[in-house]
Amino acid sequence: MNSFSFENRAGIVERHPDVFRPDWWHRGKIAIGVGGAVALFLFGIVQLDIPFHRLSEGMVKLGEFVRLMLPPNPGSWAEVLKYLHALGETVSIAFLGTLGGALLALPVSLLAARNVVANWIVHLLTRRSLDTIRGVDTLIWALIWVGVVGLGPFAVILAVICSDFGTFGKLFSEAIEAADKNPAEGVRSLGGNHLHSVRFGLLPQVFPILLSQVLYYFESNTRSATIIGIVGAGGIGLQLAEQIRVLEWQKVSFLILLILITVSAIDWMSGKLRFAIIGKRAIS
Amino acid sequence: MRTAVPEFPEARLRELADRYAAAVAAKRRRVWLGSAVLIAAAIAAGWMGDVNFGNFVENFWRFPAYFASIAPKFSLSTAWVDLTEWLWGLPRWTRLLGDTLLIAYMGTLTGAICGFALCFFASANLVKSRTTVFVTRRVLEFCRTVPEIVFALIFVLAFGLGPLPGVLAIAIHTTGALGKQFAEVVENIDSKPIEGVAASGGSWLQIVRFGAVPQVLSNFVSYALLRFEINVRGAAVMGFVGAGGIGQDLIEAVRKFYYTDVSAILLLIIVTVMLIDLITERVRHGLLGLEGSAA
Numbered sequence: 094m095n096s097f098s099f100e101n102r103a104g105i106v107e108r109h110p111d112v113f114r115p116d117w118w119h120r121g122k123i124a125i126g127v128g129g130a131v132a133l134f135l136f137g138i139v140q141l142d143i144p145f146h147r148l149s150e151g152m153v154k155l156g157e158f159v160r161l162m163l164p165p166n167p168g169s170w171a172e173v174l175k176y177l178h179a180l181g182e183t184v185s186i187a188f189l190g191t192l193g194g195a196l197l198a199l200p201v202s203l204l205a206a207r208n209v210v211a212n213w214i215v216h217l218l219t220r221r222s223l224d225t226i227r228g229v230d231t232l233i234w235a236l237i238w239v240g241v242v243g244l245g246p247f248a249v250i251l252a253v254i255c256s257d258f259g260t261f262g263k264l265f266s267e268a269i270e271a272a273d274k275n276p277a278e279g280v281r282s283l284g285g286n287h288l289h290s291v292r293f294g295l296l297p298q299v300f301p302i303l304l305s306q307v308l309y310y311f312e313s314n315t316r317s318a319t320i321i322g323i324v325g326a327g328g329i330g331l332q333l334a335e336q337i338r339v340l341e342w343q344k345v346s347f348l349i350l351l352i353l354i355t356v357s358a359i360d361w362m363s364g365k366l367r368f369a370i371i372g373k374r375a376i377s
Numbered sequence: 047m048r049t050a051v052p053e054f055p056e057a058r059l060r061e062l063a064d065r066y067a068a069a070v071a072a073k074r075r076r077v078w079l080g081s082a083v084l085i086a087a088a089i090a091a092g093w094m095g096d097v098n099f100g101n102f103v104e105n106f107w108r109f110p111a112y113f114a115s116i117a118p119k120f121s122l123s124t125a126w127v128d129l130t131e132w133l134w135g136l137p138r139w140t141r142l143l144g145d146t147l148l149i150a151y152m153g154t155l156t157g158a159i160c161g162f163a164l165c166f167f168a169s170a171n172l173v174k175s176r177t178t179v180f181v182t183r184r185v186l187e188f189c190r191t192v193p194e195i196v197f198a199l200i201f202v203l204a205f206g207l208g209p210l211p212g213v214l215a216i217a218i219h220t221t222g223a224l225g226k227q228f229a230e231v232v233e234n235i236d237s238k239p240i241e242g243v244a245a246s247g248g249s250w251l252q253i254v255r256f257g258a259v260p261q262v263l264s265n266f267v268s269y270a271l272l273r274f275e276i277n278v279r280g281a282a283v284m285g286f287v288g289a290g291g292i293g294q295d296l297i298e299a300v301r302k303f304y305y306t307d308v309s310a311i312l313l314l315i316i317v318t319v320m321l322i323d324l325i326t327e328r329v330r331h332g333l334l335g336l337e338g339s340a341a
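Line by line, the protein sequences give chains W and X. Residue numbers for the first sequence follow the working numbering, beginning at 94 and rising by one. Residue numbers for the second sequence follow the working numbering, beginning at 47 and rising by one.
Warning: the hint list may mix true and false statements.
Simulated pairs of lysine-lysine, BS3-like, Cα-Cα distance not exceeding 30 Å [as the list claims (entries may be wrong)]:
{"#": "1", "chain 1": "W", "residue 1": "Lys-365", "chain 2": "X", "residue 2": "Lys-302"}
{"#": "2", "chain 1": "X", "residue 1": "Lys-238", "chain 2": "X", "residue 2": "Lys-226"}
{"#": "3", "chain 1": "W", "residue 1": "Lys-365", "chain 2": "W", "residue 2": "Lys-263"}
{"#": "4", "chain 1": "X", "residue 1": "Lys-174", "chain 2": "X", "residue 2": "Lys-226"}
{"#": "5", "chain 1": "X", "residue 1": "Lys-226", "chain 2": "W", "residue 2": "Lys-122"}
{"#": "6", "chain 1": "W", "residue 1": "Lys-365", "chain 2": "X", "residue 2": "Lys-226"}
{"#": "7", "chain 1": "X", "residue 1": "Lys-174", "chain 2": "X", "residue 2": "Lys-238"}
{"#": "8", "chain 1": "X", "residue 1": "Lys-302", "chain 2": "X", "residue 2": "Lys-119"}
{"#": "9", "chain 1": "W", "residue 1": "Lys-154", "chain 2": "X", "residue 2": "Lys-226"}
{"#": "10", "chain 1": "W", "residue 1": "Lys-122", "chain 2": "X", "residue 2": "Lys-73"}
{"#": "11", "chain 1": "X", "residue 1": "Lys-119", "chain 2": "W", "residue 2": "Lys-365"}
{"#": "12", "chain 1": "W", "residue 1": "Lys-263", "chain 2": "X", "residue 2": "Lys-226"}
{"#": "13", "chain 1": "W", "residue 1": "Lys-274", "chain 2": "X", "residue 2": "Lys-73"}
{"#": "14", "chain 1": "W", "residue 1": "Lys-274", "chain 2": "W", "residue 2": "Lys-263"}
If you are wondering where the hints come from, they were derived from the structure by calculation, not from laboratory data.
Using the sequences and the hints, build the whole thing.
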């Protein structure tokens with residue numbers, strides 16, 4: 094009787110020696126990988142001069158902060174109104190930033206897609222400029238735009254437009270390159286010119302994908318838009334940073350709660366919309 | 047020779063044409079309605095966000111002017127001297143960039159380990175208890191929804207200035223983000239190996255170790271690398287709130303109008319981010335067996 098259970102391990106090993114022979118080459122690679130990762134981590138501790146003696150007192154302080162945060166309390170109704178206004182600003186920033194970035198990126202992504210514009214110089218130049226724009230963090234864009242149009246949510250909207258332009262340009266062009274080329278060829282064979290084949294053969298295919306990506310980024314921008322105010326440009330991030338600086342912990346926790354609720358509401362809504370646009374099956 | 051094209055009688059043809067026109071019109075109406083809603087929302091958001099096109103048009107010249115003013119001064123005859131003058135702080139900035147990379151690395155590794163530990167509790171196919179799954183998911187959601195900078199701001203108060211708050215903030219955010227992605231990967235795995243281990247009497251830990259982990263490991267590493275890439279960007283601005291790295295010098299240069307320093311530091315950050323992107327992309331494609339298929 095063959096019995097496949099852990100008690101009978103010796104018997105199984107005897108019958109299938111190949112499976113149980115240790116693979117030293119494979120193990121060596123894993124050991125080197127793990128060892129390297131740990132060594133780099135230890136090097137980081139030394140190099141960054143991480144003060145571990147402060148870790149425990151910091152934890153105590155952190156516990157104190159959390160205790161002071163409960164229960165969340167905005168203070169007064171006037172404060173609540175102020176925060177809701179700031180929240181509205183933040184959602185507007187995310188919305189207009191995403192919309193503007195997407196509208197700007199659409200034509201550029203067509204230039205960056207190899208199956209639309211075959212010229213490799215155009216392709217390379219657009220790709221690299223998109224990479225550069227994307228490499229600059231939204232916070233840094235916000236600093237630049239504050240210098241241009243002054244403090245306020247408008248500067249942040251422009252900053253989000255800039256960084257989303259870079260992201261969408263790349264994502265859109267990748268989606269366009271992955272599209273099936275048969276419809277475009279069909280349009281050509283019926284006598285359409287290149288523009289026709291893009292308009293009727295390509296865009297209808299990729300449009301739902303692009304829309305779904307835009308919705309996804311609207312959600313993620315709501316998260317990031319909450320913080321850009323930290324450089325002084327409005328929205329709920331400004332309020333949050335101020336309350337943290339003056340150690341009003343109950344207001345801090347109220348604001349964090351507000352952000353959590355808003356983000357999950359937008360999350361839920363954009364999920365519904367995405368399902369409606371491209372169907373449940375297409376979202377992987 | 048003429049080919050015979052079968053044609054419908056006039057009445058039937060008209061009926062079909064009408065139906066087609068109605069279908070197209072219905073679609074058009076939907077598109078128009080959607081556009082109207084979008085435009086209305088954009089106007090409302092514009093009002094809320096103080097969008098001011100007058101201000102924009104009036105001050106737009108400052109945007110190129112800003113880039114002109116941060117551009118280094120170059121002349122052909124003294125190109126080398128100009129270059130060394132522009133990058134005068136290179137040794138210091140390289141060290142700070144190294145710090146930024148280390149902050150991102152340590153945060154990502156710590157976060158990935160915590161995410162790895164938590165993701166199995168958030169996967170409905172491995173854990174029978176609904177409560178465990180629900181609670182773990184909410185914890186992960188909290189970790190990733192509260193922005194890193196907010197954690198960093200609070201940690202700076204608790205742990206003092208320096209890289210430690212930056213590392214911790216990135217670690218918490220990474221735990222949330224990776225935990226969710228890992229859990230999604232785990233929920234999509236083949237259930238046969240799990241059932242196999244369970245059928246031969248494996249404990250829950252053995253089910254995870256021998257049934258689930260071998261299937262998901264390469265995906266996990268790939269996601270962790272992608273997150274590292276994102277965290278390098280995030281770590282570059284951690285210094286804005288006093289949490290270490292190159293960001294501190296950058297925001298100082300911006301606030302004090304050291305124009306050429308701004309461009310030098312920005313250039314270094316962009317080059318570093320691009321290099322990391324390139325390297326991690328290579329490794330990820332290698333891991334997922336996509337080498338050569340994507341440019």
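- Message: Holds or violated: W:Lys-365 and X:Lys-226, Cα atoms, limit 30 Å.
- Response: Answer holds: W:Lys-365 to X:Lys-226 is near 19 Å, not above 30 Å.
- Item | Pair hint X:Lys-174 and X:Lys-238, alpha-carbon separation not exceeding 30 Å | Roughly 17 Å separates the two Cα atoms, so the pair holds.
- Message: Does X:Lys-73 sit within 30 Å of W:Lys-274, going by the straight-line distance between their CA atoms?
- Response: The hint holds at about 25 Å.
- Would the pair X:Lys-302 and X:Lys-119 pass a check requiring their Cα atoms to be no farther apart than 30 Å? holds (19 Å)
- Query: Are the Cα atoms of X:Lys-119 and W:Lys-365 separated by 30 Å or less?
  - Reply: violated (53 Å)
- Query: Holds or violated: are the alpha carbons of W:Lys-365 and W:Lys-263 at most 30 Å from each other?
  - Reply: With a Cα-Cα distance of about 25 Å, the restraint between W:Lys-365 and W:Lys-263 holds, given a limit of 30 Å.
- Message: Does X:Lys-73 sit within 30 Å of W:Lys-122, going by the straight-line distance between their CA atoms?
- Response: This hinted pair is violated, its Cα atoms lying about 57 Å apart.
- Message: Holds or violated: W:Lys-365 and X:Lys-302, Cα atoms, limit 30 Å.
- Response: violated (47 Å)
- Message: Need the status of pair X:Lys-226, W:Lys-122: alpha-carbon distance at most 30 Å?
- Response: Judged against 30 Å, a Cα distance of about 28 Å means the pair holds.
- Starting from W:Lys-274, check that the Cα of W:Lys-263 is at most 30 Å away, please. Between W:Lys-274 and W:Lys-263 the Cα gap is close to 19 Å, so the pair holds against 30 Å.
- Message: Just to be careful, I want the Cα atoms of W:Lys-263 and X:Lys-226 compared with a cutoff of 30 Å; is the pair within it?
- Response: holds (24 Å)
- Message: Just to be careful, I want the Cα atoms of X:Lys-238 and X:Lys-226 compared with a cutoff of 30 Å; is the pair within it?
- Response: holds (23 Å)
In terms of the numbered hints stated before, the structure departs from hints 1, 10, 11, listed from lowest to highest.
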